[in-house]
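**Q** Residue 114 in the working numbering sits at position 113 of the sequence shown; the count goes up by one each step and never skips.
Note that these hints are calculated values from the structure, not bench results.
All residues carry an ideal CB built from backbone N, CA and C; glycine is no exception.
One or more hints might be untrue.
Unchecked claim - Listed below are the simulated DSS-like cross-link pairs for lysine-lysine, each with C-alpha atoms no more than 30 Å apart in a straight line:
#  : residue 1 : residue 2
1  : Lys252    : Lys166
2  : Lys355    : Lys388
3  : Lys194    : Lys166
4  : Lys318    : Lys461
5  : Lys196    : Lys166
6  : Lys194    : Lys252
7  : Lys318    : Lys388
8  : Lys279    : Lys305
9  : Lys396    : Lys318
10 : Lys196    : Lys252
Stated by the list, open to error - Quick list of the computed label-pair ranges, beta carbon to beta carbon:
#  : residue 1 : residue 2 : range
11 : Arg380    : Met214    : 37 to 47 Å
12 : Val205    : Gly467    : 51 to 61 Å
13 : Ser53     : Ala90     : 22 to 32 Å
14 : Val242    : Val466    : 39 to 49 Å
15 : Ser16     : Glu98     : 18 to 28 Å
16 : Gly220    : Lys279    : 47 to 57 Å
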Amino acid sequence: MRKPPEQLFGRLLDSLTDIFALVLDRDQRIVYANAAFLEHFAVSWEEVAGRSCFDLVSPFSSRQPAEGGFCPTELGPFYPARTHLSREAHGKKYVYETTFYRLLNGEEAPWTVCVFRDVTERFVLESQIRKLDELERKLVQASIDGIVVNDMEGNVLIFNEGAAKILGYTPEEAIGRVTADVFYPPGIAHEIKDKIYAPDYGGVGILENYETMARRQDGTLVPIWLSARLLQENEQEVGIVGYFRDLRERKRLEEEVLRNERLAVLGKAVARITHEIKNPLMLIGGFAQQCAREQGISLEGQRKLQLIREEVLRLEKFLGELGTFTRITPTQKTPGDLLALVREVAESLEDVFKAQQVVFEIQNPGQIPRFFFDPGQIRQVLVNLFKNSLEAMPKGGRLTLGLEVQGESLEIRVTDTGPGISPEHLQVLFTPFFSTKAGGTGLGLTICRQLIEQHGGEIKIDSEVGRGTTCLIGLPLNARPGAPG
Numbered sequence: 002m003r004k005p006p007e008q009l010f011g012r013l014l015d016s017l018t019d020i021f022a023l024v025l026d027r028d029q030r031i032v033y034a035n036a037a038f039l040e041h042f043a044v045s046w047e048e049v050a051g052r053s054c055f056d057l058v059s060p061f062s063s064r065q066p067a068e069g070g071f072c073p074t075e076l077g078p079f080y081p082a083r084t085h086l087s088r089e090a091h092g093k094k095y096v097y098e099t100t101f102y103r104l105l106n107g108e109e110a111p112w113t114v115c116v117f118r119d120v121t122e123r124f125v126l127e128s129q130i131r132k133l134d135e136l137e138r139k140l141v142q143a144s145i146d147g148i149v150v151n152d153m154e155g156n157v158l159i160f161n162e163g164a165a166k167i168l169g170y171t172p173e174e175a176i177g178r179v180t181a182d183v184f185y186p187p188g189i190a191h192e193i194k195d196k197i198y199a200p201d202y203g204g205v206g207i208l209e210n211y212e213t214m215a216r217r218q219d220g221t222l223v224p225i226w227l228s229a230r231l232l233q234e235n236e237q238e239v240g241i242v243g244y245f246r247d248l249r250e251r252k253r254l255e256e257e258v259l260r261n262e263r264l265a266v267l268g269k270a271v272a273r274i275t276h277e278i279k280n281p282l283m284l285i286g287g288f289a290q291q292c293a294r295e296q297g298i299s300l301e302g303q304r305k306l307q308l309i310r311e312e313v314l315r316l317e318k319f320l321g322e323l324g325t326f327t328r329i330t331p332t333q334k335t336p337g338d339l340l341a342l343v344r345e346v347a348e349s350l351e352d353v354f355k356a357q358q359v360v361f362e363i364q365n366p367g368q369i370p371r372f373f374f375d376p377g378q379i380r381q382v383l384v385n386l387f388k389n390s391l392e393a394m395p396k397g398g399r400l401t402l403g404l405e406v407q408g409e410s411l412e413i414r415v416t417d418t419g420p421g422i423s424p425e426h427l428q429v430l431f432t433p434f435f436s437t438k439a440g441g442t443g444l445g446l447t448i449c450r451q452l453i454e455q456h457g458g459e460i461k462i463d464s465e466v467g468r469g470t471t472c473l474i475g476l477p478l479n480a481r482p483g484a485p486g
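Please work from the sequences and hints to get the whole structure.
**A** This is the structure in structure tokens:
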């Protein structure tokens, strides 16, 4: 019959059905095993009594092979070492939390208590929670929308990759380092918080589909569509989660649709106006030319007739450009060699370059692949840009065209050494009918943008007074016929 160190202690351990216990003497021999241990591990008291703990075959499979299973592997005055062990039995996997205690008697430690607790259900539940947390984290990170969670003081707790793309911060720069108000223009964060508590946008504690502006790390503003919720725990407000969508692309498409609608209306008006004006212009120009051939006209009369002819030509040119601007011609893409087209346009303007003492150069052509584009429309863009640069350098200079493949796009840079463009003019260069040149129609760059956007590309101007101007164009290399980009 097994005898516990103390009767009360033994009865206490035997009453524990969810704890499996061994008691070892100072030589690590088994002097006690409670009933739950013997039943759970299917051994008898006679098999284990008086044996060294290390003689027992460990049934555990541990992540740390050096662990001794039933036996403590370290000695010390007090050893509450806690770890997890697992085993498989009867087609089931068990997980145990193990703890070893040294019972002190003065300076001596006569007993070691080895405790094994079955925590399988808790371990499975924790694993499921961890998996759900991981799934939730991945879903948050995979969202194309920005997701930001902050506490009630505004400290950022969660900042996903969607938010990083929209706002320009990395998660490391945002989480725990800034407060959520930096993501908005001054006063907007307070206004948003007021609206969350108001009942007008989905209910108290809710803000649904609210259009506002966010502020990027570089200070630029981004239109967003914001939804937000108050987070509560134990009926206490603990934070706010905000979901926001970048509206820049939607705004661009809305502006494009609106612009096309306006152009359609304007096109009808222009067609009527052109028809009404063109014939009288032809008559005026023709009569002026006939009058100039008459004998006896004074020099002053000749000068006035020449002025009439020049103004007629200017009006005819304006009507032609206005018709091009208002008439959206479908892009006809074919596989072509852009570098060859650039050289062709440059050769056609070679005499003009020489007359104005402008040096033209193609930089870094490299290997430019053939891709789909409309050669007529891109030729018109190049001619317009080259003429703008020539007009900016009437006394000579350098005109450079650079070509470079950037991923799936071709980057075209047209740079001149002219006087540059002032910041206030730079902001409105693509506005129809705006021009800084005497007699200019203000439609050249607008038409260029229209043609580039029909290719699915982008165009922008960078300039500095006294240092010249660069026009940067990006064209997609993977565009197919009939597709805008």
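**Q** A separate judgement is required for each hint: does it hold in the structure or not?
**A** Verification of the hints:
Between Lys252 and Lys166, the direct Cα distance comes to roughly 17 Å. Compliance with the 30 Å bound is thereby established for this hinted pair. Proposed proximity of Lys355 and Lys388 is supported: the alpha carbons are some 14 Å apart, at most 30 Å. Our distance criterion of 30 Å between C-alpha atoms is met by Lys194 and Lys166, whose separation comes to about 23 Å. Proposed proximity of Lys318 and Lys461 is supported: the alpha carbons are some 25 Å apart, at most 30 Å.
About 26 Å separates the Cα atoms of Lys196 and Lys166, which keeps this hinted pair within 30 Å; it holds. Distance hint between Lys194 and Lys252 is fulfilled; the C-alpha atoms sit about 25 Å from each other, no more than 30 Å. Simply put, Lys318 and Lys388 have alpha-carbon atoms about 15 Å apart, close enough for the 30 Å limit, and the pair holds. Annotation: proposed proximity of Lys279 to Lys305 holds, straight-line Cα distance about 21 Å (limit 30 Å).
Between Lys396 and Lys318 the CA atoms are separated by roughly 25 Å; this keeps the pair inside 30 Å, and the hint holds. Only pairs whose Cα atoms come within 30 Å are accepted, and Lys196 paired with Lys252 is accepted, the gap being roughly 24 Å. Range check, Arg380 to Met214: Cβ separation about 40 Å, and the 37 to 47 Å hint holds. In this structure, Val205 and Gly467 meet the distance hint of 51 to 61 Å, their C-beta atoms being roughly 58 Å apart.
Between Ser53 and Ala90 the Cβ separation comes to about 23 Å, which falls inside the hinted range of 22 to 32 Å. The beta-carbon spacing between Val242 and Val466, approximately 47 Å, falls within the hinted interval of 39 to 49 Å. Look at Ser16 against Glu98: about 20 Å separates their beta carbons, and that is inside 18 to 28 Å. The hinted window of 47 to 57 Å between Gly220 and Lys279 holds, with their beta carbons roughly 49 Å apart.
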